[in-house]
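Please build the complex by placing chain B on the supplied structure of chain A, with the hints as guidance.
These protein sequence lines map, in sequence, to chains A and B. In terms of the working numbering, the first sequence has 193 at position 193, counting the first letter as 1, and numbering is strictly consecutive. In terms of the working numbering, the second sequence has 142 at position 142, counting the first letter as 1, and numbering is strictly consecutive.
Treat the hints with care, since some could be wrong.
Taking lysine to any residue and the SDA-like style, the derived pairs with C-alpha atoms no more than 25 Å apart in a straight line are [claimed, not checked]: (1) A/K235 - B/Y130; (2) B/K188 - B/M206; (3) A/K235 - B/A120.
Some residues of chain A that are not near chain B, with every Cβ distance over 10 Å (derived) [as the list claims (entries may be wrong)]: (4) L9; (5) L16; (6) F18; (7) A47; (8) P76; (9) R79; (10) S104; (11) M137; (12) G171; (13) V198; (14) D221.
Just so you know, the hints here were simulated from the structure itself, not pulled from any lab data. Note that beta-carbon positions come from the ideal geometry of N, C-alpha and C, so glycine has one too.
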Amino acid sequence: MVGAFACLLLVSLVPLPFIVALLAVMVITAVLGALIERVAYRPLRQAPRVSAIITALGCGLVIQNTTLSLSPYARPMPRLFESRTFEFAGVTLNSLQLFIIGVSGVLMLGLDFVIRKTDWGIALRATASDRATVPLMGVPVNRVISLTFAVGGALAGAAGVLYSQAYPVVGAAMGALIGWKAFVAAVIGGIGSIRGAVLGGYILGVVEVTTVVVLPSTWRDLIAYSLLLVILIFKPNGLLGSAAQQKV
Amino acid sequence: MPTPRTLGSSVAGCRWALPVLAASAFLAALLHQQWALFNGYTEFVLITAGINIILCASLNLVNGYMGEFSVGHAGFMAVGAYAAGLLAVKILPGATPVWAFPLVVAFGGVIAAAIGFLLALLSFKTRGDYLAIITLAFLMIVKSALENIPFTGGPRGLLGIERLTTLPQTVAWVIVTLWVIRNLVYSKFGRGITAIREDELAAGAMGVRTREAKILAFVVSSFFGGVAGSLFAHQLQFINPATFDIIRSTDILVMVYIGGVASLTGSLLGAVLVTVLAQLLQPLGTWRAVVMPLTLVFLMLFRPRGLLGLREFAWLLPGRELLQRIKEKSP
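Same shape as in the complex, but just chain A:
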């Protein structure tokens, strides 16, 4: 949501080409993500985990409702991308859709590579698995976590920009449901697995669209969330997630 609004603000102030705007927005949301981490999460590093979830929810509500108070009505988003429609093997596509799929594919492959291969990615996964030991190995935990929030913010900002191009109306509440759906997709795929998240996102998307084709559209959430329940009953750690080790 912030990404889409930042983009709207940017392009209404200075006419930027789409790619520049996208990158600028990613920088803005990255800074915001790191800032929230610094203010609201770092003091809670030692507190129970639930407190951090609560502050996360709280920060989300503060941002969303501040935007709502400043801009109560949904605003139209100018088209930044020349879109051409063409037909390929009986499927109608436009270049915007292809571009969105392409950008998200590049970002996901990049993220998967970074988390698997780079020093920062390894440090990140180590921090997730054992927060107490990792600092003893000389890993700057605070810097790793700040960077993680910045990357997460940048990606969410990019998603906001792309979404606002596909559905060109931006409003304060646009991110809330998508945020929960992102969580659902991550859980279907298995928390802690980028590939799982991609798989979960596609499963959720396909199920939602198929439901609307077959049944009245009001059944969409019912079917999607029932599927989630069924998956979690049989695979309690998601499709690609590994079972958390219980330490004794």
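Just chain B now, with coordinates in the frame of chain A:
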């Protein structure tokens, strides 16, 4: 987590403080019923506060005492509200007599508890983030199902519910809720529930039947969620699925965490505080929705367990528990 602490344990007054408080609250409510002590607005706020106390205390059982993170409490509220509303409007002939209203409310609670039992059976394998997501899915399924069943009125909601929720009825249900949850928490089963919060594996190894304890906590919590929903439906006289969305769940969560986890006096305080603040901040308009979560964030930063987290006023404790704690203090 540290051991629970006792507040204000001047021992002498404690044994009779709770019955006196409960009785005087109920008496005041009865007197109001007779002579209308408060105006309609105050009565509305008081009833809302009562319903919020029930919701907050029952969610605290799962989120505070058991240490899980359920975001589906509004779903149980919806089930209770619709069960009671449908029973009163569509199944029972004619107007519901006043003496039958507690039964209608209890019916809403029982249906919600049955659903809570099913959900607990499905989700006992999962914990943490995954349980949170299951309760979220449950909430969405309930809301979506209610929207799609013509019998419940669909998205337009259920109309024509009688206004039966009175102040004495609400106060009575608040007292019942706090009494049952308190006695449960300080019983053998309740110790088991708290032990699960600290370490499920160790609790199991010490002989706690973790599965039974979890299911029990879930069922009791959802029962009172349903009760609150029934009272809510008969207060507003109109319910629709959109009333019971994730925002309402978030509101209840805010109350629990402002008041304090694993503390019934905390739930009492949190629910009343949030209800009253919400009314006082009305002039702020939509900025109210900024101020409330901001307060929550700051509270979490400076008091991560809420105002009264893990603490209990001495007057709420059962007598035996209180004696035990005094003995521990002065050996």
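Hints and how they fare:
1. A/K235 - B/Y130: holds (11 Å)
2. B/K188 - B/M206: holds (13 Å)
3. A/K235 - B/A120: holds (16 Å)
4. L9: holds (19 Å)
5. L16: Nearest chain B Cβ is 30 Å from A/L16, so the label holds.
6. F18: Fine: 32 Å to the nearest Cβ keeps A/F18 off the interface.
7. A47: For A/A47, whose nearest Cβ neighbour in chain B is about 4 Å away, the distance does not exceed 10 Å, so it is violated.
8. P76: Non-interface label stands for A/P76: nearest chain B Cβ at 21 Å, farther than 10 Å.
9. R79: holds (30 Å)
10. S104: holds (23 Å)
11. M137: holds (26 Å)
12. G171: holds (13 Å)
13. V198: Holds: least Cβ distance 18 Å, greater than 10 Å.
14. D221: violated (4 Å)
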